[in-house]
Amino acid sequence: MKRYIVVFLLMFASLNSKIINFEEQHYISSLDQSKFKKGRLDIREDSIGLSYDNSDKIYTFYDDHISMQDKNETKKINYGDKIELDLFVKLIKLIYAKDKNGIDQYFSFVNDADLIILEPKEQLSKYIEKIEYKKLEDRLIYLRISFKNGEWIKIDQY
Amino acid sequence: MASGSRLINTKNYASIAIFLALLILNYHFGSFHKISTNLEDTILEKPKRELLEKFNNFDIANKLLIYTKGLDELSLQKIKLADEALLKNRSIKPNHTDASFDEYKKEYALFNASKISIKDELEKLKKKILDAEFSYFVDPKDPFELSSSKDETLSLKNNHLATSDGYISIFRLEGLKNQELYDYIHASLSGTEDIKAFSPFFYMIENQKIIKDDSNRTVFLSSLVLILLYIVLLRDIKLLLHTLLTLASSILFALLLGTFVFTKISILAVVFGISISSVAIDYMFHHYVHGRYDQNKGFSKDVFFGMLTTISAFFILSNVPLELIKQFSYFTIFSLAFSYIIFAFVFPHISFSYHNRYSLRVGMVQLISPKTLTTLLFIAIPILLYNLKFDTNIKNLDAKNSNLDSTKDFFIDHTSKDSKIAFLLKAKDIEELIKNAKELRVSGIDTPLARIITKDEFLEQEKEQKKLKEELTALAKEQGFRDGYFKNAYNPPEPQEPSRAFLKDLGFELQELNSEILTYILIPKKDLLRLPKSTYLVDLRVESLFKDRLKDLKSSLLLYGSLSLLFIIGVLFLAYRDHLFTYLSFLLFPFGMILSINLFVELNILHIFMLFIILSISIDYGIYASSTKLDLNTKKAILYSIMTTFAGFGVLISSSTNALFSIGLAASVGIVSILFLLFFLKKA
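Protein chains in written order, with our numbering: chain A, 1 to 158; chain B, 1 to 684.
Do not rely on the hints blindly, as some may be mistaken.
In silico DSS-like cross-links for lysine-lysine, where the CA-CA straight-line distance does not exceed 30 Å [as the list claims (entries may be wrong)]:
{"#": "1", "chain 1": "B", "residue 1": "K420", "chain 2": "A", "residue 2": "K37"}
{"#": "2", "chain 1": "B", "residue 1": "K466", "chain 2": "A", "residue 2": "K148"}
{"#": "3", "chain 1": "B", "residue 1": "K128", "chain 2": "A", "residue 2": "K38"}
{"#": "4", "chain 1": "B", "residue 1": "K428", "chain 2": "A", "residue 2": "K75"}
{"#": "5", "chain 1": "A", "residue 1": "K71", "chain 2": "B", "residue 2": "K128"}
{"#": "6", "chain 1": "B", "residue 1": "K127", "chain 2": "A", "residue 2": "K71"}
{"#": "7", "chain 1": "B", "residue 1": "K141", "chain 2": "A", "residue 2": "K148"}
{"#": "8", "chain 1": "B", "residue 1": "K119", "chain 2": "A", "residue 2": "K130"}
{"#": "9", "chain 1": "B", "residue 1": "K69", "chain 2": "A", "residue 2": "K75"}
{"#": "10", "chain 1": "A", "residue 1": "K82", "chain 2": "B", "residue 2": "K420"}
{"#": "11", "chain 1": "A", "residue 1": "K38", "chain 2": "B", "residue 2": "K127"}
{"#": "12", "chain 1": "B", "residue 1": "K124", "chain 2": "A", "residue 2": "K38"}
{"#": "13", "chain 1": "A", "residue 1": "K148", "chain 2": "B", "residue 2": "K69"}
{"#": "14", "chain 1": "A", "residue 1": "K82", "chain 2": "B", "residue 2": "K126"}
{"#": "15", "chain 1": "B", "residue 1": "K487", "chain 2": "A", "residue 2": "K154"}
{"#": "16", "chain 1": "A", "residue 1": "K126", "chain 2": "B", "residue 2": "K504"}
{"#": "17", "chain 1": "B", "residue 1": "K128", "chain 2": "A", "residue 2": "K35"}
{"#": "18", "chain 1": "A", "residue 1": "K121", "chain 2": "B", "residue 2": "K93"}
{"#": "19", "chain 1": "A", "residue 1": "K148", "chain 2": "B", "residue 2": "K124"}
{"#": "20", "chain 1": "A", "residue 1": "K126", "chain 2": "B", "residue 2": "K119"}
{"#": "21", "chain 1": "B", "residue 1": "K124", "chain 2": "A", "residue 2": "K82"}
{"#": "22", "chain 1": "B", "residue 1": "K487", "chain 2": "A", "residue 2": "K148"}
{"#": "23", "chain 1": "A", "residue 1": "K126", "chain 2": "B", "residue 2": "K400"}
{"#": "24", "chain 1": "A", "residue 1": "K57", "chain 2": "B", "residue 2": "K124"}
{"#": "25", "chain 1": "B", "residue 1": "K126", "chain 2": "A", "residue 2": "K76"}
{"#": "26", "chain 1": "B", "residue 1": "K400", "chain 2": "B", "residue 2": "K196"}
{"#": "27", "chain 1": "B", "residue 1": "K466", "chain 2": "A", "residue 2": "K35"}
{"#": "28", "chain 1": "B", "residue 1": "K469", "chain 2": "A", "residue 2": "K148"}
{"#": "29", "chain 1": "A", "residue 1": "K82", "chain 2": "B", "residue 2": "K196"}
{"#": "30", "chain 1": "A", "residue 1": "K121", "chain 2": "B", "residue 2": "K119"}
In short, the hints are calculated from the structure, not lab data. Here the structure is a predicted model, which means the values were calculated and not measured.
Given only the sequences and the hints, what does the whole structure look like? Please build it.
In structure tokens form, the structure reads like this:
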């Protein structure tokens, strides 16, 4: 899910760009170590593509489904099957269209100057502590997803 | 003269007076409310019925499931609207899931796990954490997921329960499960496409309707056929009205007495009684066409013996230890006896004039000699008996409700990987109940109850458990896990002695019956063969509850059936010594023909029951047909009688309730056989 949120936020930050490059750090508390990955977001007219370095998986997000392609096959995934992907789409709608419909069932919003904090509701609050991001005009300064199990993911656009 | 016409007028109202009196008595004693449409009420013995009732009180038997097709936004909206509408009803509550037992299972997971390698489990866990695309959530109490069920097909999507292809809601039903609730649920969901609903109580409501509709149709059709016969053959409206009132009175009389004998009367017995009343018309026909209602000819020996043999056969068969057959028998005895008394002793006083309005010309072919037919039947019947196939599933007698069956199967497929059967587990105390569950686990049938750790088990395995925990702490460090990461994992408190309150706190449902404790377990169908022979498990499927009795029932049905035959033959020897082969033909030919139904379908207990009933009716025709006074009137009476009997029973073939259909089929085959004999059997 983090990737999609990250992608979305990066996309928001670089609204006029077609390609957004980003780096993510995932801190795993159970092993007390971090994973680092670089990824790319390709914003097109009718879809959004997402890929990572050193991975043959490419995700393409359409209005009604997601396509997951690797070297062997292409899979069609329903948004209903993956809550994180559904969340991602709803976040995109929130950012691009400032439309809170759909996303407000998952989060409540707190604005603190430039910082936007999303506090999860109901089921989601069992897993996510909060999502926070800061932007300067259209540019994302940072995004951090904090999990209940002590893990966190930090995204930087470069 | 004036007093004479007053007397005639009074007698004309005799039938309606009797009818009204019986109607009032039935209302007074609440007989109509004692009619049951539930097959289980009359085929199961009281102890098994009680067990079934106990199970029906468990929460699991009181669920309501709703499904909307698709996992899209529209489907989600549909199910949310349905949830909202349903929860407005006080009897429909959200399904509660008890987390206490989940916590308990986690704490004691290592006790219940079969031999595990801590090293392998740690490696698997580490891989999952590192490979996770988002974040892998580890349960601190059960990091290896030893307590999780592998049978879960439901997941959570968009904050709602979901299957692989749609959303699902589960509710708990409280209070009365009646027509009103059924209507509310269906009204709440009507107009929504691609939505399905199921609750076990739907069977009760829908089957009741099927049986009621069936019964009404049967009554309507048989009445219609009888009225047509009267109009075409007799054309005597006065006789028709009195006869219909008498038949209706006989049903009311039988219902009234029946409710004194039984706590509940099956609607099937009532329908059977209505059909058998067509036999009672025979008594009227014989009296009527022989002019006994307008000439003082006295007592008819033939009709009396016809009635006596039929009633006696039912009386003997009433000893069969199945309440449904007892009810059929008693209902018939009461109904026939009442009709006979009215037709034989009241109708002559009302006085009906017999006019031969319809010229009956029936050619009797009389081709077959009774001796030859009897010989052939003595060869054929043993062959048919040798190949007899019996339908052991008593549930097959119930109403066919294939729509609900397929909805039920749909929900079973969508909510569980394996189709499961509910069993009752019983014991004298909690300790024995858990012991029984653990015994099942030894046979490979794992149930939640078997996961309860007793104090003895705890002490026995405590040392080994501590060793595993130490191993986990040491190996976790080697694998790179943070210090103390598993400190909350697998730390069971010392267990308390399991008590009823303790099990209830964990979410187990318990009930008491005759100083035994009951709970239910669900066993996958594929594991049924592994079930050990035990006295503590009760299979709750009606066919299984009944299966133990089936052998006894079959033998007692054959015993009492044979006894009734012997009785009939005895009566024949005493009253009608001549024409032995004719009587034997009338006994054996319908017998063989009904048995031959077995060439197409398996015979059930009601086919067998009707087999003996038809014989008792058939012999009446044998008596009438061999009568030395066989004249045109007797022939007419026989023919009218058989047509009305056919009208009574034949219409049951249209029934979608298997019990009634079986009766109708056996009776129709029997009656056609009798008709065949009347036409083709040579007179001695």
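Hints, one by one, checked against the model:
1. B:K420 - A:K37: violated, 47 Å
2. B:K466 - A:K148: holds, 29 Å
3. B:K128 - A:K38: holds, 21 Å
4. B:K428 - A:K75: violated, 56 Å
5. A:K71 - B:K128: Distance ~22 Å between K71 (chain A) and K128 (chain B) Cα, so the pair holds.
6. B:K127 - A:K71: Given that 30 Å is the threshold and the Cα spacing comes to 22 Å, the pair holds.
7. B:K141 - A:K148: holds, 15 Å
8. B:K119 - A:K130: This hinted pair is violated, its Cα atoms lying about 34 Å apart.
9. B:K69 - A:K75: holds, 21 Å
10. A:K82 - B:K420: Roughly 29 Å between the alpha carbons, so the hint for K82 (chain A) and K420 (chain B) holds.
11. A:K38 - B:K127: It holds: about 21 Å lies between the C-alpha atoms, which stays within 30 Å.
12. B:K124 - A:K38: holds, 26 Å
13. A:K148 - B:K69: violated, 33 Å
14. A:K82 - B:K126: Holds, because 23 Å separates the two Cα atoms, which is no more than 30 Å.
15. B:K487 - A:K154: Holds. K487 (chain B) to K154 (chain A) sits at ~28 Å (cutoff 30 Å).
16. A:K126 - B:K504: Roughly 27 Å between the alpha carbons, so the hint for K126 (chain A) and K504 (chain B) holds.
17. B:K128 - A:K35: holds, 14 Å
18. A:K121 - B:K93: Since the Cα atoms of K121 (chain A) and K93 (chain B) sit roughly 23 Å apart, the hinted pair holds (cutoff 30 Å).
19. A:K148 - B:K124: holds, 22 Å
20. A:K126 - B:K119: holds, 29 Å
21. B:K124 - A:K82: Given pair K124 (chain B), K82 (chain A) holds - Cα atoms ~23 Å apart, limit 30 Å.
22. B:K487 - A:K148: holds, 17 Å
23. A:K126 - B:K400: Status violated; Cα separation ~47 Å.
24. A:K57 - B:K124: holds, 23 Å
25. B:K126 - A:K76: Measuring from Cα to Cα gives roughly 29 Å; hence the hint holds.
26. B:K400 - B:K196: This hinted pair holds, its Cα atoms lying about 19 Å apart.
27. B:K466 - A:K35: This hinted pair is violated, its Cα atoms lying about 34 Å apart.
28. B:K469 - A:K148: holds, 25 Å
29. A:K82 - B:K196: Roughly 24 Å between the alpha carbons, so the hint for K82 (chain A) and K196 (chain B) holds.
30. A:K121 - B:K119: violated, 37 Å
Checked against the numbered hints listed earlier, the structure breaks hints 1, 4, 8, 13, 23, 27 and 30; every other hint is satisfied.
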